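Peer 1: Protein sequence lines correspond, in order, to chains A and B. For the first sequence, this note's numbering assigns the number 1 to the initial residue and increments by one for each residue that follows. For the second sequence, this note's numbering assigns the number 1 to the initial residue and increments by one for each residue that follows.
Heads up, a few of these hints could be off.
All copies of an identical chain are treated as equivalent in the list; a pair is satisfied when it fits inside any one copy or across any two copies.
[What the hints assert, rightly or not] With a straight-line Cα cutoff of 25 Å, these simulated SDA-like cross-link-like pairs (lysine to any residue) come out:
(1) K507 with Q226
(2) K507 with P104
(3) K481 with T316
(4) K30 with K480
(5) K30 with S313
(6) K481 with S313
(7) K30 with M314
(8) K181 with P32
It is worth saying that the hints were derived from the structure and are not from the lab. Since the model is a prediction, treat every value here as computed from it, not as a measurement.
2 protein chains.
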Amino acid sequence: MDQQHRGAHASRSAGRDARRAARGNKRAGKLPYITRRLPVVELLSREALEIIEHNAETILEEIGVEFRRDPESLRLWRGAGADVRGERVHIPRGLARALLRSAPREFMLHARNPERNVRFGGDATVFSPVGGPPFVTDLDRGRRYGTLEDLENFIKLAHVAPAIHFSGGTAVEPMDIAPGKRHLDVMYAYFRLSDQGCEATPETPGHAADAVRMAELLFGEQFVDQHVVVLGNINSNSPLTFDGRMLGALREFAAHNQGTIVVPAVLAGAMGPVTAAGCMAEVLAETLAGMALTQIVRPGAPVIMGSFVGAVSMRTGAPTFGTPEATQMIFATAQLARRLGVPCRSGGSLCSSKVADAQAAYESAHTLLPTLLAGVNLVTHAAGWLEGGLVSGYEKFVMDVDQLAMMQVLAAGMDMSERGQALDAIREVGPGGHFLGCAHTQANFETAFYQSTIADYSSFEQWSTEGRTTAEQRANQVWKKMLAEYEDPGLDPARDEALLAYLAQRKVVLTDSVEEE
Amino acid sequence: MDQQHRGAHASRSAGRDARRAARGNKRAGKLPYITRRLPVVELLSREALEIIEHNAETILEEIGVEFRRDPESLRLWRGAGADVRGERVHIPRGLARALLRSAPREFMLHARNPERNVRFGGDATVFSPVGGPPFVTDLDRGRRYGTLEDLENFIKLAHVAPAIHFSGGTAVEPMDIAPGKRHLDVMYAYFRLSDQGCEATPETPGHAADAVRMAELLFGEQFVDQHVVVLGNINSNSPLTFDGRMLGALREFAAHNQGTIVVPAVLAGAMGPVTAAGCMAEVLAETLAGMALTQIVRPGAPVIMGSFVGAVSMRTGAPTFGTPEATQMIFATAQLARRLGVPCRSGGSLCSSKVADAQAAYESAHTLLPTLLAGVNLVTHAAGWLEGGLVSGYEKFVMDVDQLAMMQVLAAGMDMSERGQALDAIREVGPGGHFLGCAHTQANFETAFYQSTIADYSSFEQWSTEGRTTAEQRANQVWKKMLAEYEDPGLDPARDEALLAYLAQRKVVLTDSVEEE
Chain A
1 MDQQHRGAHA SRSAGRDARR AARGNKRAGK LPYITRRLPV VELLSREALE IIEHNAETIL
61 EEIGVEFRRD PESLRLWRGA GADVRGERVH IPRGLARALL RSAPREFMLH ARNPERNVRF
121 GGDATVFSPV GGPPFVTDLD RGRRYGTLED LENFIKLAHV APAIHFSGGT AVEPMDIAPG
181 KRHLDVMYAY FRLSDQGCEA TPETPGHAAD AVRMAELLFG EQFVDQHVVV LGNINSNSPL
241 TFDGRMLGAL REFAAHNQGT IVVPAVLAGA MGPVTAAGCM AEVLAETLAG MALTQIVRPG
301 APVIMGSFVG AVSMRTGAPT FGTPEATQMI FATAQLARRL GVPCRSGGSL CSSKVADAQA
361 AYESAHTLLP TLLAGVNLVT HAAGWLEGGL VSGYEKFVMD VDQLAMMQVL AAGMDMSERG
421 QALDAIREVG PGGHFLGCAH TQANFETAFY QSTIADYSSF EQWSTEGRTT AEQRANQVWK
481 KMLAEYEDPG LDPARDEALL AYLAQRKVVL TDSVEEE
Chain B
1 MDQQHRGAHA SRSAGRDARR AARGNKRAGK LPYITRRLPV VELLSREALE IIEHNAETIL
61 EEIGVEFRRD PESLRLWRGA GADVRGERVH IPRGLARALL RSAPREFMLH ARNPERNVRF
121 GGDATVFSPV GGPPFVTDLD RGRRYGTLED LENFIKLAHV APAIHFSGGT AVEPMDIAPG
181 KRHLDVMYAY FRLSDQGCEA TPETPGHAAD AVRMAELLFG EQFVDQHVVV LGNINSNSPL
241 TFDGRMLGAL REFAAHNQGT IVVPAVLAGA MGPVTAAGCM AEVLAETLAG MALTQIVRPG
301 APVIMGSFVG AVSMRTGAPT FGTPEATQMI FATAQLARRL GVPCRSGGSL CSSKVADAQA
361 AYESAHTLLP TLLAGVNLVT HAAGWLEGGL VSGYEKFVMD VDQLAMMQVL AAGMDMSERG
421 QALDAIREVG PGGHFLGCAH TQANFETAFY QSTIADYSSF EQWSTEGRTT AEQRANQVWK
481 KMLAEYEDPG LDPARDEALL AYLAQRKVVL TDSVEEE
């Protein structure tokens, strides 16, 4: 047993460093992406996973997937051995999985600050903020359309928040900019305001090409061809459909060796059946089809299996999150991706609530904790999500990043070093004593526990004197403080100029509305 | 693979029934206790558990545990082979564990309605409400001392709530009754107002004797000697101390073959070291000592290993919950109990928040979900807990029981039957379709998903029209509705009379203040 003690001590020293880094967030500032020291939770049995995989292959072969308005995709699929009838692609059992063998099990995304590089896959977990909402809300100004200023604020908050490892993409739609040109300002804001990595959310192949071109201006063409510097988020139109715009964007990213996330949005009862096992077979079929296409375009192109899962209320048809079915699907997604050997994106801090109240927190926590335990690699929408994704919330953002920091401590595992075992402390204090003053507590005082930025632990009397605030009200102060603390990471003037010149040039060419292919 | 399909279908039919029961809560009313169809999550490695176990035995042998003001306990320990020096009992390595071998791995607690019997241990999970707070709060009347009327209300709410399987004990202290006589009214309220099983929270051996005697009046002496009808909650005074009152109560329960829960309250940094591994060694040592004593008193007496875990804020010294350390300790407790072969009590819906806001929900969810995944058998404080256990909240109670019902669905596992696989639905709808109108959705419409009683899924516009309520405000309506729906389960008049006569007789004998031994 003493042997074991020593063994544990040695093998866990890396874990201790991770925990120290996680705990010492006040001094260390940003935290590195998570290298998990927890076992992954395998919620579904192997038998259940095999049934889902079998059904996904049945769907691919017998029902097929529509690749709409993109003859090039159909041509590629035909060449790869699929049975293409019109726009319906029937993929023989096992073909998509075989094609996917060339995809990397894990890959690095390079940020312009190398310390902010993130790894996708394996034992890595990366937290990324909300993406996509057209509205924003905060306690001062209420719910309103998002603007470029709001987007910039969310990028800054993500830059400052210790446990946000990756900036994500389009934290809020800048509705004050014409839709046809918006993607340029969005991409520029991410590249300019933070040195973390980021994501493009292309709506057309042209958007994707602009994102890749801007990345080349920032990183250099040769670097981009050899390194992943941007992820492209590719949504399918569930059930079992990809449209031409998304397909073009997918091909653009894959051809340039940039990462893609193939992610169906399946709400059980709407875009999928009312059962989790049925939805997962559909999700797996869709992602297999989309991910395999990236490998036909360029074998070895990095790709992430995504699932965005929830259910619709059978009463109102509205999306619901944090339900048991969604929890099961998050675990299932991570398990299926591991069996496929590709990184996984799922979960987040999803909720249906309109405000950052208890409903929002219950739903978000019941999404986030499963996400971490499942071993999801890229956690999009990890902070700021409200109202089923219609709204990015300032208060919700900082409440969520507080939870993310706690998840990062949890992921570091239990400290089994001598410090963690604390046997001397127990000896020193003895029966009936108190640990606050003992030597061990004093030595570990500052780094003992993560200090929540949001939670109030004061007495009822003190809390009453101080205005009986809710978590949401305290969060209102926190995001303002974080914005005030933001420091411009700077950008090489030549590159900045090149980016701005590209923007100006493209804005002359593009129309205000989104181009049709 | 087809073979597997059929196998899965057959083996999961029981799971489907459980899921149906869980989903159909509106019609079925009360849910049976949970028989888990999820794997337990083993968060700690075997190596880590062995270190904790080794350290616990070191603590028992070298440091020892104080058994204060109870010569009978010291006599029993001496007889069992411990090294007793004054009130300090040094328990040789392995002795406590060996004594505990006679304890049952699982046992049944009999309620006066046999349909409400609950099983503790194995794959069973039982949800039980908050216990112990002196205060109550609701949105109408605010925070105030609890009364007998409040206690009765919480017993009624627990009786009505579908996913509360066991009434627990002293949901709120009736501060309007003299402390020396209070336990009689509390016990009577539980026995009279609900036909679910319940718990006694004795502060003295006399309280414990009264609880057992009242149970005998309700169930019959012979039945009580052969069956567990009440649990006694036995708190140690951490670190490593039991006081005479608790020890007397423990011996009383064990002697009568009633169940005990031996539960240290260890907040890391106060009653335990600032590390999770240190606290767990202490918790294990304390529970081993207390549980082993039950077996010395009466081999085979049912006993549950409890842990109530949290941490103190290093800034204010106040208790904190829902933190990563607490989450780890819940998983560890369940794992250690499984290795010991005794049922386990831990977790709940713990929080520090003064109100049922997002802080309360985040903290509660990060306690509850680990509790379920860890495979905890008895979940005390699963509903209504606020402010570190000082307050029982009416709104919090109904918000929590909504979450408990979802946990019950989660515990039923993923439906892998043909219905769950839903391949026909995917065929019927095909690429680009919608599932709402398909035959499979129509057939499973009513039982598809659990319907939250608290969450609001309406549009922003509708929600605005309806007063922009928070979850807490909606919960205020729900508990009133639940109280209105309460139906008296009735009680055999002869037994009721006997209980009331006992109460009257004891109240003449007892003084207003709690008896000293």
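Peer 1: If a hint holds in the structure, say so; if it doesn't, say that too.
Peer 2: A quick look at each hint next to the structure:
Proximity of K507 to Q226 under the C-alpha cut-off of 25 Å is found in neither arrangement, the shortest distances being 29 Å within a copy and 84 Å between copies. In this assembly of identical chains, K507 and P104 lie within 25 Å of each other by CA distance neither inside one copy nor across copies; the values are 36 Å within and 76 Å between. For the identical chains of this complex, K481 and T316 are inter-copy neighbours only, at 22 Å across copies versus 39 Å inside a copy, given an alpha-carbon limit of 25 Å. For the identical chains of this complex, K30 and K480 are intra-copy neighbours only, at 18 Å inside a copy versus 47 Å across copies, given an alpha-carbon limit of 25 Å.
Taking the shortest Cα distances, K30 and S313 sit within 25 Å of each other only across copies (22 Å), while inside one copy they are farther apart (39 Å). Within a single copy, K481 and S313 get their C-alpha atoms only as close as 38 Å, which misses the 25 Å cut-off; across copies the closest is 22 Å, which meets it. In this assembly of identical chains, the alpha carbons of K30 and M314 lie at most 25 Å apart only when taken from different copies (22 Å versus 42 Å within one copy). Neither within a single protomer nor between protomers do K181 and P32 lie at most 25 Å apart by alpha-carbon distance, with minima of 34 Å and 58 Å respectively.
Checked against the numbered hints given earlier, this structure breaks hints 1, 2 and 8; the rest are met.
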